[in-house]
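Chains U and V, in that order, give the protein sequences. Taken in order, the first sequence gives residues 1 to 816; the numbers are from UniProt numbering. Taken in order, the second sequence gives residues 1 to 816; the numbers are from UniProt numbering.
Honestly, the hints are just simulated from the structure, not real lab data. There are no misleading hints in this set.
Below, simulated DSSO-like cross-link-like pairs (lysine-lysine); rule was C-alpha separation at most 30 Å, straight line:
1. U:Lys587 <-> V:Lys291
2. U:Lys390 <-> U:Lys703
3. U:Lys535 <-> V:Lys627
4. U:Lys291 <-> V:Lys579
5. U:Lys587 <-> V:Lys648
6. V:Lys360 <-> U:Lys481
7. V:Lys703 <-> U:Lys535
8. V:Lys587 <-> U:Lys535
9. V:Lys291 <-> U:Lys578
10. V:Lys579 <-> U:Lys694
11. U:Lys360 <-> V:Lys761
12. U:Lys318 <-> V:Lys627
13. U:Lys648 <-> V:Lys578
14. V:Lys670 <-> V:Lys146
15. V:Lys310 <-> U:Lys579
16. V:Lys319 <-> U:Lys627
17. U:Lys578 <-> V:Lys188
18. V:Lys627 <-> U:Lys319
19. V:Lys625 <-> U:Lys319
20. V:Lys188 <-> U:Lys587
21. U:Lys625 <-> V:Lys535
22. V:Lys761 <-> U:Lys361
23. U:Lys627 <-> V:Lys318
24. V:Lys361 <-> U:Lys761
25. V:Lys535 <-> U:Lys578
26. V:Lys694 <-> V:Lys146
27. U:Lys625 <-> V:Lys319
28. U:Lys361 <-> U:Lys390
29. V:Lys535 <-> V:Lys315
Quantities reported herein were computed from a predicted structural model and do not represent experimental measurements.
Number of protein chains: 2
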Amino acid sequence: MGLLDCINPRAIVTSALLLTSLAQDVLARPSPEPKLPWGRHGAGKKKMADHIKRAMAGERRANNESACAYTLTTTITAPKPNIWGPLTDVETASVVEWLFAQDDLNLTTTEDATAWDNTIVLVEALWPNKTDALGFIDGNATAPTKYAHVIINNRATDAPYYTDIQVGPLPLDNTTASWVPLTYPYNKQNEPGKVRNLDADQEAMYSEWLYVHSATVADITLELWNGTAMGLDNDTLDIWGIDPMWQDDGRITRWDAFWNIPTGEFDSETLLPLGLYMLSDITGRDISKWKLEGWLYNNIFYNSTEEFRKAFFGKCFKKLGANVDGDWAGTDRQGPFLPMDAAPPPVQVAPAGSRYAVDKKEKYVVWMDFSFYIGFNRDTGMTLYDVRYKGERILYELGLQEALAHYAGADPMQSGTAYLDTFYGFGPYAFELVKGYDCPAYATYLNTSFYVEETSHTHLNSICLFEYEADFAMQRHTSSKYASVTKNTYFAVRSVSTVGNYDYTFTYSFYLDGSIAVEVRASGYIQSAYFANNKDYGFQIHDFLSGSMHDHVLNFKADFDILGTSNSVELMSVVPAKKTYPWSQGKTRNTMAIERSIVETEDDGRFDWGANGATQVLVVNEDAKNKFGENRGYRILPYTGTAHLTVKDSSNLVNAARFAEYDIQISKHKDTEPRATHPFNSQDTYDPPVDFSKFFDGESIRKEDIVLWLNLGMHHVPHSGDLPNTVMTTAHSGIQFTPSNYFDIDQSRQTVNQVRINYGKGQAAKVDTFGQVTGPTCPISYTPVEPELTGYVGDIVVRKFPFDPNNPYFETDSIV
Amino acid sequence: MGLLDCINPRAIVTSALLLTSLAQDVLARPSPEPKLPWGRHGAGKKKMADHIKRAMAGERRANNESACAYTLTTTITAPKPNIWGPLTDVETASVVEWLFAQDDLNLTTTEDATAWDNTIVLVEALWPNKTDALGFIDGNATAPTKYAHVIINNRATDAPYYTDIQVGPLPLDNTTASWVPLTYPYNKQNEPGKVRNLDADQEAMYSEWLYVHSATVADITLELWNGTAMGLDNDTLDIWGIDPMWQDDGRITRWDAFWNIPTGEFDSETLLPLGLYMLSDITGRDISKWKLEGWLYNNIFYNSTEEFRKAFFGKCFKKLGANVDGDWAGTDRQGPFLPMDAAPPPVQVAPAGSRYAVDKKEKYVVWMDFSFYIGFNRDTGMTLYDVRYKGERILYELGLQEALAHYAGADPMQSGTAYLDTFYGFGPYAFELVKGYDCPAYATYLNTSFYVEETSHTHLNSICLFEYEADFAMQRHTSSKYASVTKNTYFAVRSVSTVGNYDYTFTYSFYLDGSIAVEVRASGYIQSAYFANNKDYGFQIHDFLSGSMHDHVLNFKADFDILGTSNSVELMSVVPAKKTYPWSQGKTRNTMAIERSIVETEDDGRFDWGANGATQVLVVNEDAKNKFGENRGYRILPYTGTAHLTVKDSSNLVNAARFAEYDIQISKHKDTEPRATHPFNSQDTYDPPVDFSKFFDGESIRKEDIVLWLNLGMHHVPHSGDLPNTVMTTAHSGIQFTPSNYFDIDQSRQTVNQVRINYGKGQAAKVDTFGQVTGPTCPISYTPVEPELTGYVGDIVVRKFPFDPNNPYFETDSIV
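Work the whole structure out from these sequences, hints included.
Have a look at this one:
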């Protein structure tokens, strides 16, 4: 926490070394919390015993001056080690060293590698299979054997490919250590565990292809935009293209577009398209066989550079304007000042400090009756594991699987783009959070690390944990005699990943009634389109700019375990009904009723939210009825809007993102289907490492261990208010999980943070505050603008090969 | 504000008199706020001139000790009087006095009235027609002439009825004052302006009917539940029934049910149904002709009391259990204490006080670039008028129209219930808010008043206004070089109405990007059903209790004026598409595109949200294009879930709630269609005062003054977690209005409450805080539990006839 808040650069080495010893100071066990029996309250119910009050509130110091000081026990030791935790620095280094010693892998360090050398892309912990994990977290079994998950970029071949391999067991021992292809989590048809690499010649793509062809039209780009893109320092133009590349008919083709390079300080390039596109067939590694297939400008396709040049310098060529950087593309404050805006706005403060406990080493968190572990990996960033409420597991796993941003347009750049962001990774882009802005200043901040090019990078303060009071109550009721209101204080875990232009704020929230919310909010720069001919694909939002329409679909895995792993999904719909009753005197009444069904097999396991919100989706344990015979369960509830992909059978994606096709998808849990996709699905869209639709093969999902794959998302047609950045007031999507007959009564009744006021006839009210600490008035120290922001320093990097833990350095360059 | 916070009962008279003079101290005009030209920022952009800083932040005192004290100008004078304001006490008293002087009305004071006397039900301001109002609020026209809206309960007749009348002009002058039937706002087919009163014999209904028939089965109720309902002080049972009454075939019939009366302090009766129902035909006022038509118990219908008695005392009668009050039905804290819960939780504080200005007398509010007036009436509570952003009106009117709660069940009580809550009124039930629980302790609180039985009641502190910082940012973007984040500070206006069992929290929120949110959250006690045979209508949630399924549909009027009154609704859908392009080399691509259309007439004006959120609903001004040729407008966006009524052509409602049939309904604005319904629609369901469906008669709604009637709501199938009260984490519905190409750029760029951090290479970051006040660290005085709650005193009542302003008294009995 706040490790480098006050550091100067000279102190880096010392500080970075602290990283590995962070856990040392948080091992104190909390004193056990007193438990009172649930149930009937007698005469003494509103009188909290003093010793309990003290225990609950922490030890408030005795003397008057310090009556406002709390010493809550906010460190805790996780009941078990976090088996979804990262490799240690030493483990990572040992794996890397071992890998380089394996002749059969024929590896070269990234620094020394050419496009024809094999390199290590990834070294991280291989998360255990659930079947192996349950015995450990629920019983007395030993922890699952630890393995490293490694991805090798095999480029020393005409047909470059990535391989997922498993290395271990850890700690490595030269007699037992081995690597084996990692294939079981993937369902690729051909050569499982391998996927081709379409980017092997990424450098040559620029130096020997894009810049070369750009140079052949430099006179045109100069005339159109007074700029060139030739790989020179004074380039004012950039070239980049579609993702994934097109893979039809056994050919690899790509469209690239020209963009203005921002002239200011902002990351605004995606707002500066210029409307010229080039088509290349780049099949194979022999660049001499690559083929420039044409140019497109203003919706006219030219079969060759010659044809394009001829047209351009002919009489009828229509030159359109350029999108040029400017204040409109910068996020800094602008426009008239707002009345009273410079006075400090309201802010949430935590008078008693943290009311939750964290084991920072194991990333284990306890708030009120919730507990969970946090896992973190390169592909998807933060994942929650073993989410429990009142000691019972609700979810084994809850985390992002993939974020798709599928564009469309009249031009091939937008039409051809369908980003699968785990290719870039959410871990590497989970930048440091801005205290007091991304999360409250009083939040607890955790670090995260990821592997890149024989180093591990640590994003400081990249996960935040905080409690917050909603601006509305949890419960209330007023009669003419009393008012009863309960505060809605919730707990949130957040990380923000900025994958290129877009910033995704991921938040998991926990509520006093046992509810959990999953939310994503989007900000950052849109990827825009050149305006020409794009009327049917977006609004015109600036001089020559179209707000390129796109669908965001973010898939989350929610592996529910409701009172065990034997779960079912019950659908409960409210439907119009015409009914006669024994008492309706023969008349048919227009009314409504409930229809229930259980989703029996995976064949029926993919569907959308019902029209008019009429259908409840309930994850229940049919063998765990409550005392009134109802299935105990959790309801899955759309919260702030969701979306699945508009495009049917996308030409860009083919089989690479079948997860995006429905709102809700339920499959039987299998160790062989741990994730809905793979970061390299974009490399072989016809036969991707994971084709999600193959999960659905008719198996029973009734009274089985089931997984819900839930899509959040939004259809985004950017308008002028998306400039310079999309705002998070409206760019949001969320789902809630809420107890459904899981308990006999609302669980928020347990909190003391409620009040009952008995009033009437103008007399002073009788106020029951249920044992809340009612005074004295305490001063809170508050500084309007969080002063520690100068401590925002970027990533800490530790070299893993050769292992050099004593020379960490700062570098913020997250590209894998 | 907080008028009576510190008062003792002896000081009541003085305090209440203050009510009418509240406005006196808030007339100071604010000093004009400096305006800087919008647009390009130069070298000086980040340096805010000192004098501006002082003006924006208020006058911060010069000496160091007080550097944390702000004196913001938070009072303001409304630019025009609030023409949607209430009648003054004097006006109300004069109208009442005048009415009693009109022989043709033949009025009796409520106190002295029998069931056969005419009484005054309502005296309040008649809100002006929009066509009359616009000239005043937008131009130099004089204010619309003020009239009183009066409802008379005409019971001195065999066929009792209510009449809406208009009395005025105000101030009353004996030569010009008159009353005329108020008919133009209603579209009743027969006798517009009048609606029958089915409750005229409400007292006799109990004393001469229900208790009499209950007494005939007292031996049965004693045996079943050890209780009786006979109108005696020691009754332990209550009887009440369906709403609306059934009105088929010219008969008026009602079902009544038996309920246990709560034995504790809580308002839990709606959780205590007993499963016995009686059917009465109560057509006409001659009670001797009323007919007991039967009894129902455990789904067996008995044609007469004799038949029921015979069965009950026969051998085969199956007696079922009773729902009995207990801790399960009380909202007080119960169960084990939560860890650390007694320590004060996080809380929002306002270090600089209010950053908005309020004219309390005119209920006029200015926050940042938003301004609006608040109206308040008996039927619907709070309504916002003339909502402007940056000086331009966005909405002429925004407010609740009606809240329907439509139940269904196997028993006639639930099947027959479809509450139209404005019959009870949202104004009378807008109870005092609980500071620090319903709204932040630092909020501004306003009073509201309503008329009842020759008195006016004032709910103290029943509207709150506050600013709040969301737990997530408005905007953010991080690159490897900088992070830019903007706080999401918003402004909210809230009132809570508890209509019987349910508490509706209504919130209108305003955001820095120009967005507005409309939200309702529900808490309080559910109306539950007796469990027998109700499996198809709800969950069993307690011993003999079913969580009776019901639909909440809350209709809001949103009278948009986007840059004038000539508005259109544009639909913009994202749709799957198969397309070929000049560049697609003959291939058809599976992609998507936008389809747009304008809703031309009211015939097409009623529809639902599109599947998969694919259709944007935009209110635009087609003649006000932005500079890129796009229609300027606002988007209407589902936020936290909405619902329309499941039941088709409800047997209970017939024509009384046609507003509930679709999600979105657009009609041409007419002065004759000011409201979607009428509080007495329940009294004549076949021919109600307002049949909403008649608004839709094919008129053009393109480039017209249009009104959107939007339904919020939820399908509520209560589960055990709704006991004792429904919680607001999940019982929510909301809609947002957000600028769509309305501006050229996101308006939140204006706020100083943002930061840009330039960082890298581990060096201390450069932090730009854009003129925010950056220190010093200020102590905030905070008391954990809001200490003023003992000032929660109930309503202040002032008698209007005879007018007795100097003897106000306290009484909290909101029944109209």
